[in-house]
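Trainee: Sequence:
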Amino acid sequence: MAEFANKYKDLLTISFSALSFIIACTALFFSARTAMRDREKLLITARTVREPFHNKVYKIEVTIINVGRRIAAIEGVQCHYDKGYTCHDYIKEGIHLKEKEKKIIDIEQRCTIRSDDEGEIYQLEDITVLDTQGKEYKIKNSKKLVEKLISEG
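Take 1 as the starting number for the sequence shown in the numbering used here and just add one per residue.
Calculated directly from the structure, the hints in this document are not laboratory data. One or more of the hints may lead you astray.
[Unchecked claim] Label pairs and their calculated CB-CB ranges:
no., residue 1, residue 2, range
1, Cys-25, Arg-69, 20 to 28 Å
2, Thr-45, Phe-16, 47 to 55 Å
3, Arg-50, His-88, 20 to 28 Å
4, Ile-91, Lys-140, 18 to 26 Å
[Unchecked claim] List of simulated lysine-lysine pairs, DSSO-like, C-alpha gap at most 27 Å:
no., residue 1, residue 2
5, Lys-59, Lys-143
6, Lys-83, Lys-138
7, Lys-100, Lys-135
8, Lys-135, Lys-92
9, Lys-92, Lys-102
10, Lys-143, Lys-103
11, Lys-100, Lys-56
12, Lys-59, Lys-144
13, Lys-98, Lys-140
Every residue, glycine too, gets a C-beta built ideally from N, C-alpha and C.
Work out the full structure, taking the sequences as your base and the hints as a guide.
Mentor: As structure tokens, then:
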């Protein structure tokens with residue numbers, strides 16, 4: 001055995017190095033895959049809701065579902081008005097969504113017009129979801145939904 005190892009030591013060294021490299025690459029792949037899967041991931045949809053009696057749109061219903069594995073912390077919905085004015089109503093402790101948990105937030109007709117302390121009036125243009133770290137998540141077709149809320153409301 002010692003004679004075999006002495007005769008083929010270069011081949012054994014290269015073989016062990018190649019095997020170690022393959023094992024390290026496999027471990028890196030599974031580590032990266034686990035890290036990518038083990039985080040919060042939000043599925044955000046929105047739709048307009050009509051009043052049954054008058055058949056007019058009276059709110060936008062934003063549905064947030066955490067399809068990731070980590071707990072997601074949401075601050076709320078951020079409203080973007082014309083002239084760059086933004087505001088959001090939020091819960092002090094935030095909204096915590098566990099895996100597969102769902103939260104519905106409503107944007108009502110009264111939120112379409114906002115005025116500041118100086119009497120300036122702003123009209124709603126877009127809505128996004130804001131998490132507690134300040135990251136904004138876009139809502140598909142949000143501008144069209146806002147336009148429908150303003151025009152039909």
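Trainee: Given the hint that Lys-83 pairs with Lys-138, does the C-alpha gap stay at or below 27 Å?
Mentor: The hint holds at about 19 Å.
Trainee: Is Lys-98 close enough to Lys-140, meaning Cα to Cα at most 27 Å?
Mentor: 23 Å, holds
Trainee: The hint says 20 to 28 Å between Cys-25 and Arg-69; measuring C-beta to C-beta, is that right?
Mentor: 24 Å, holds
Trainee: Quick check on a hinted range of 20 to 28 Å for Arg-50 and His-88, using CB atoms only.
Mentor: 25 Å, holds
Trainee: Is the hinted pair Lys-59 and Lys-143 satisfied, with a Cα-Cα distance of at most 27 Å?
Mentor: 14 Å, holds
Trainee: Please verify whether Lys-143 and Lys-103 have alpha carbons no more than 27 Å apart.
Mentor: 21 Å, holds
Trainee: Range hint 18 to 26 Å: satisfied by the CB atoms of Ile-91 and Lys-140?
Mentor: 24 Å, holds
Trainee: Mind checking the alpha carbons of Lys-100 and Lys-135 for me, to see if they're no more than 27 Å apart?
Mentor: 20 Å, holds
Trainee: What's the verdict on Lys-59 and Lys-144, does the C-alpha distance respect the 27 Å limit or exceed it?
Mentor: 13 Å, holds
Trainee: For the pair supplied as a hint, Lys-92 and Lys-102, confirm whether the alpha-carbon distance does not exceed 27 Å.
Mentor: With Cα atoms ~19 Å apart, Lys-92 and Lys-102 stay inside 27 Å; holds.
Trainee: Does Lys-92 sit within 27 Å of Lys-135, going by the straight-line distance between their CA atoms?
Mentor: The given pair, whose Cα atoms are some 17 Å apart, holds under the 27 Å limit.
Trainee: With the threshold set at 27 Å, check whether the alpha-carbon distance from Lys-100 to Lys-56 stays at or below it.
Mentor: 32 Å, violated
Hint check: a violation occurs at hint 11 only; the rest are consistent with the structure.
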